[in-house]
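A.B. asks: Sequence:
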Amino acid sequence: MEQVGIAIDPAFFEETSQKLERDLRLIEEDIYKEAGEEFNINSTPQLREVLFEKLELPVIKKTKTGPSTDASVLEELAEQGHRIPTLILEYRQLDKLKSTYVDALPQLVNPDTGRIHSSFNQAVAATGRLSSSDPNLQNIPIRTEVGAELRKGFVPADGFRFVSADYSQIELRVLAHLSGDETFMRAFRSGADIHRETAALVFEVDLDDVTADMRAAAKTINFATIYGIGPYALSKQLGTSVQEAKTFIESYFERLPDVRQYLDRQIERAYEEGYVETLAGRRRYIPEVKSKNYNIRQFGERAATNAPVQGSAADIIKIAMIDIHDALDQRDDGTRMLLQVHDELLFEAPAAAVDEITGLITERMEGAFELAVPLRVETGSGASWYECK
DNA sequence: TCGTTCACG
DNA sequence: ACGTACGTGAACGAT
Numbered sequence: 001m002e003q004v005g006i007a008i009d010p011a012f013f014e015e016t017s018q019k020l021e022r023d024l025r026l027i028e029e030d031i032y033k034e035a036g037e038e039f040n041i042n043s044t045p046q047l048r049e050v051l052f053e054k055l056e057l058p059v060i061k062k063t064k065t066g067p068s069t070d071a072s073v074l075e076e077l078a079e080q081g082h083r084i085p086t087l088i089l090e091y092r093q094l095d096k097l098k099s100t101y102v103d104a105l106p107q108l109v110n111p112d113t114g115r116i117h118s119s120f121n122q123a124v125a126a127t128g129r130l131s132s133s134d135p136n137l138q139n140i141p142i143r144t145e146v147g148a149e150l151r152k153g154f155v156p157a158d159g160f161r162f163v164s165a166d167y168s169q170i171e172l173r174v175l176a177h178l179s180g181d182e183t184f185m186r187a188f189r190s191g192a193d194i195h196r197e198t199a200a201l202v203f204e205v206d207l208d209d210v211t212a213d214m215r216a217a218a219k220t221i222n223f224a225t226i227y228g229i230g231p232y233a234l235s236k237q238l239g240t241s242v243q244e245a246k247t248f249i250e251s252y253f254e255r256l257p258d259v260r261q262y263l264d265r266q267i268e269r270a271y272e273e274g275y276v277e278t279l280a281g282r283r284r285y286i287p288e289v290k291s292k293n294y295n296i297r298q299f300g301e302r303a304a305t306n307a308p309v310q311g312s313a314a315d316i317i318k319i320a321m322i323d324i325h326d327a328l329d330q331r332d333d334g335t336r337m338l339l340q341v342h343d344e345l346l347f348e349a350p351a352a353a354v355d356e357i358t359g360l361i362t363e364r365m366e367g368a369f370e371l372a373v374p375l376r377v378e379t380g381s382g383a384s385w386y387e388c389k
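With my numbering applied, the first sequence corresponds to residues 1 to 389, in that order.
In short, the hints are calculated from the structure, not lab data.
The beta-carbon is built from N, C-alpha and C at its ideal position, and this holds for glycine as well.
Be aware that one or more of the hints could be misleading.
Only pairs whose alpha carbons sit at most 30 Å apart, straight line, appear in this in silico DSS-like list of lysine-lysine [stated by the list, open to error]: (1) Lys152 / Lys318; (2) Lys290 / Lys54; (3) Lys61 / Lys318; (4) Lys98 / Lys64; (5) Lys64 / Lys290; (6) Lys292 / Lys236; (7) Lys19 / Lys33; (8) Lys61 / Lys292; (9) Lys292 / Lys246; (10) Lys246 / Lys62; (11) Lys152 / Lys389; (12) Lys98 / Lys54; (13) Lys219 / Lys318; (14) Lys19 / Lys62; (15) Lys33 / Lys54; (16) Lys61 / Lys219; (17) Lys98 / Lys62; (18) Lys62 / Lys219; (19) Lys62 / Lys152; (20) Lys19 / Lys246; (21) Lys246 / Lys236; (22) Lys219 / Lys389.
Across the chosen pairs, the derived CB separations fall in these ranges [claimed, not checked]: (23) Gly239 / Pro111: 48 to 56 Å; (24) Ser133 / Ser190: 36 to 44 Å; (25) Ala157 / Arg265: 45 to 53 Å; (26) Val124 / Glu37: 37 to 45 Å; (27) Gly281 / Pro10: 42 to 50 Å; (28) Glu204 / Thr100: 38 to 46 Å; (29) Asp112 / Ala78: 44 to 52 Å; (30) Arg297 / Lys19: 44 to 52 Å; (31) Asn136 / Gly114: 42 to 50 Å.
Assemble the whole structure, with the sequences as input and the hints as a guide.
C.D. replies: So, in C-alpha cells, the structure goes:
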C-alpha cells in the first residue's frame with residue numbers, strides 16, 4: 001500500500017480550495033461584524049476573549065487554560081440563541097477541510113509516481129491497529145456531506161475502478177464471539193439489524209415497535225460497551241440524566257449477562273496477569289490498573305475491556321489483507337490494495353474485473369477468521385472513493 | 001513542544 | 001470530592 005500509493009485529481013483540489021477560500025471569507029466577515037472587531041478566529045485565546053469577555057457569553061466548560069470553545073460548547077451557545085457560535089462552527093469546519101486536506105494533499109504527490117504515498121505504521125497503536133501518517137489517509141472526511149465530497153478527489157488509475165469493502169459491525173461481532181453471549185450471537189446469526197435488536201431487548205418492546213430514537217440510543221449503548229462504559233459519558237452522549245443512563249446500562253447487562261461477565265473477566269485479567277490479549281494472542285499490558293490514582297485506574301479498566309475487541313478486529317482484517325494479497329498475486333490482473341481504514345479496504349481493479357474482484361475480496365474477508373457468528377462485508381465500486389458508498 | 005480542536009474507525 | 005467512553009494524526013497558535 002505504501003509503495004503503490006493512491007492518485008488524486010489535482011484540478012478537483014484546486015477548484016475546491018478556491019471555493020472554500022471564498023466561503024471562508026464570507027463567514028469571516030459575518031463573524032467580525034458580530035464580534036465588533038477583527039481577530040484571529042483560529043486563535044483559541046483570542047476567540048475566548050471575544051466570546052467570554054467582550055460578548056459575555058456563559059462559560060459552559062473549562063479547559064486547563066480557560067473557558068472551552070470546542071464544538072459541544074458552541075452548539076450549546078447556539079441553542080441559547082446566540083448568533084456567533086454557529087458562524088464559528090461553520091468557519092471551523094471549512095477551515096479544517098481546507099488546511100488539513102484540500103491544500104495539504106496535492107503537495108504530497110510524489111513527482112516520480114504521481115501518487116500520494118502514506119506510511120502505514122505497524123508498531124504505534126497499542127491495540128494492534130495500523131495507523132496512517134504523512135499523510136494520514138485513515139481520517140479522510142465522510143460524516144458530513146461537504147467533507148465527504150473531498151473523496152471525489154481520490155481517483156483510480158486510467159482503465160481502473162475503485163472497489164471498497166468494509167466489515168459490517170466487526171467489533172460487535174467480535175464481542176459476541178469473545179463473550180459467547182447467546183442472545184448476542186443469536187441476533188447476529190439472524191442477520192438482523194443489531195442496534196434494532198438491542199433496542200428491542202433493552203426497552204422491552206417487539207422488534208416492530210422499536211422507534212428511531214430507541215434504535216439510536218441502543219446504538220450509542222453498543223458503542224459505549226465496546227469503549228468501556230461509564231454512566232456519566234453515556235448520559236452526555238444520549239442527552240439524558242446520569243440516572244437514566246445508569247438504568248440503560250443496568251438493563252443492557254441484565255439482558256446480556258455473558259457480555260458483562262466477559263468484560264469483568266478482562267478487567268480481572270488486567271489486575272492479575274498484567275495484560276489482556278486478542279484472538280491472535282496479541283497482548284496489551286495494562287500497568288494503569290496498579291495506579292493509586294482512581295482516574296488512571298479507571299482508564300486502565302476501560303482499556304482492558306476495549307483492547308481485546310478492537311485488537312481482535314485488527315487481527316482479522318490483517319489476516320484478510322495477507323490472504324487477499326496472495327490471491328491478487330496469483331491472478332496478476334493489475335488489481336492493487338491501496339488503503340486500509342481499520343474495518344475497510346480500498347482497491348483499484350481493472351474496470352472489466354470489478355465484479356469478479358468484488359467477489360474475491362468479499363470471500364476472503366468473510367472467511368479470514370471463523371467466529372461463532374458470521375463476518376459480513378459490504379462492498380461498493382466507482383470512479384472515485386466518494387462513489388464507493 | 002504543548003494545548004486545543006477536530007478529522008477518522 | 002473528583003472527573004468522566006476506546007484507538008489514532010494533523011493543523012494551528014502560543015510559549
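A.B. asks: Each hint: holds or not?
C.D. replies: Here is how each hint holds up against the structure:
1. Simply put, lysine 152 and lysine 318 have alpha-carbon atoms about 27 Å apart, close enough for the 30 Å limit, and the pair holds.
2. Only pairs whose Cα atoms come within 30 Å are accepted, and lysine 290 paired with lysine 54 is rejected, the gap being roughly 46 Å.
3. Between lysine 61 and lysine 318 the alpha-carbon distance is near 41 Å, which puts this suggested pair outside the 30 Å criterion.
4. Distance check on the hinted pair: lysine 98 and lysine 64 sit about 28 Å apart at the alpha-carbon level, within 30 Å; holds.
5. For the hint pairing lysine 64 with lysine 290, the CA-to-CA distance comes to about 26 Å; that is within 30 Å, so the pair holds.
6. Distance restraint check for lysine 292 and lysine 236: the Cα-Cα separation of roughly 27 Å lies within the 30 Å cut-off, and the hinted pair is therefore satisfied.
7. For the hint linking lysine 19 to lysine 33, the alpha-carbon distance of about 22 Å falls within 30 Å, and the restraint holds.
8. Distance hint between lysine 61 and lysine 292 is fulfilled; the C-alpha atoms sit about 27 Å from each other, no more than 30 Å.
9. A distance of roughly 26 Å separates the Cα atoms of lysine 292 and lysine 246; the hinted pair therefore holds under the 30 Å criterion.
10. Distance check on the hinted pair: lysine 246 and lysine 62 sit about 25 Å apart at the alpha-carbon level, within 30 Å; holds.
11. With a C-alpha separation of about 11 Å, the suggested pairing of lysine 152 with lysine 389 holds against the 30 Å cut-off.
12. Note on lysine 98 and lysine 54: the hinted pairing holds, with a Cα-Cα distance of about 29 Å set against a maximum of 30 Å.
13. Proximity of lysine 219 to lysine 318 is assessed by CA-CA distance (about 26 Å); at most 30 Å being required, the pair is judged to hold.
14. For the hint pairing lysine 19 with lysine 62, the CA-to-CA distance comes to about 35 Å; that exceeds 30 Å, so the pair is violated.
15. Between lysine 33 and lysine 54, the direct Cα distance comes to roughly 13 Å. Compliance with the 30 Å bound is thereby established for this hinted pair.
16. Restraint check: the Cα-Cα separation between lysine 61 and lysine 219 comes to about 26 Å, which is no more than 30 Å; the hinted pair holds.
17. Only pairs whose Cα atoms come within 30 Å are accepted, and lysine 98 paired with lysine 62 is accepted, the gap being roughly 28 Å.
18. Pair hint lysine 62 plus lysine 219 holds up; C-alpha atoms about 29 Å apart against a cutoff of 30 Å.
19. For the suggested pair lysine 62 and lysine 152, the alpha carbons sit about 38 Å apart, so the restraint of at most 30 Å is broken.
20. Restraint check for lysine 19 and lysine 246: the C-alpha separation of about 47 Å exceeds 30 Å, so the hint is violated.
21. Distance check on the hinted pair: lysine 246 and lysine 236 sit about 12 Å apart at the alpha-carbon level, within 30 Å; holds.
22. Distance hint between lysine 219 and lysine 389 is fulfilled; the C-alpha atoms sit about 21 Å from each other, no more than 30 Å.
23. Restraint check, glycine 239 to proline 111: a C-beta distance of roughly 50 Å satisfies the suggested window 48 to 56 Å.
24. The supplied range of 36 to 44 Å is met by serine 133 and serine 190, whose beta-carbon atoms lie about 40 Å from each other.
25. At about 49 Å, the beta-carbon gap between alanine 157 and arginine 265 stays in the expected band of 45 to 53 Å.
26. Distance hint check: the CB atoms of valine 124 and glutamate 37 are about 43 Å apart, consistent with the given range 37 to 45 Å.
27. One distance hint, 42 to 50 Å for the beta-carbon pair glycine 281 and proline 10, holds here, with the actual separation near 45 Å.
28. The hinted range of 38 to 46 Å is satisfied by glutamate 204 and threonine 100, whose Cβ atoms lie roughly 45 Å apart.
29. Our hint of 44 to 52 Å for aspartate 112 and alanine 78 holds, since their Cβ atoms are close to 48 Å apart.
30. A hinted range of 44 to 52 Å holds for the C-beta pair arginine 297 and lysine 19, which are about 49 Å apart.
31. Range check, asparagine 136 to glycine 114: about 20 Å between beta-carbon atoms, so the 42 to 50 Å window is missed.
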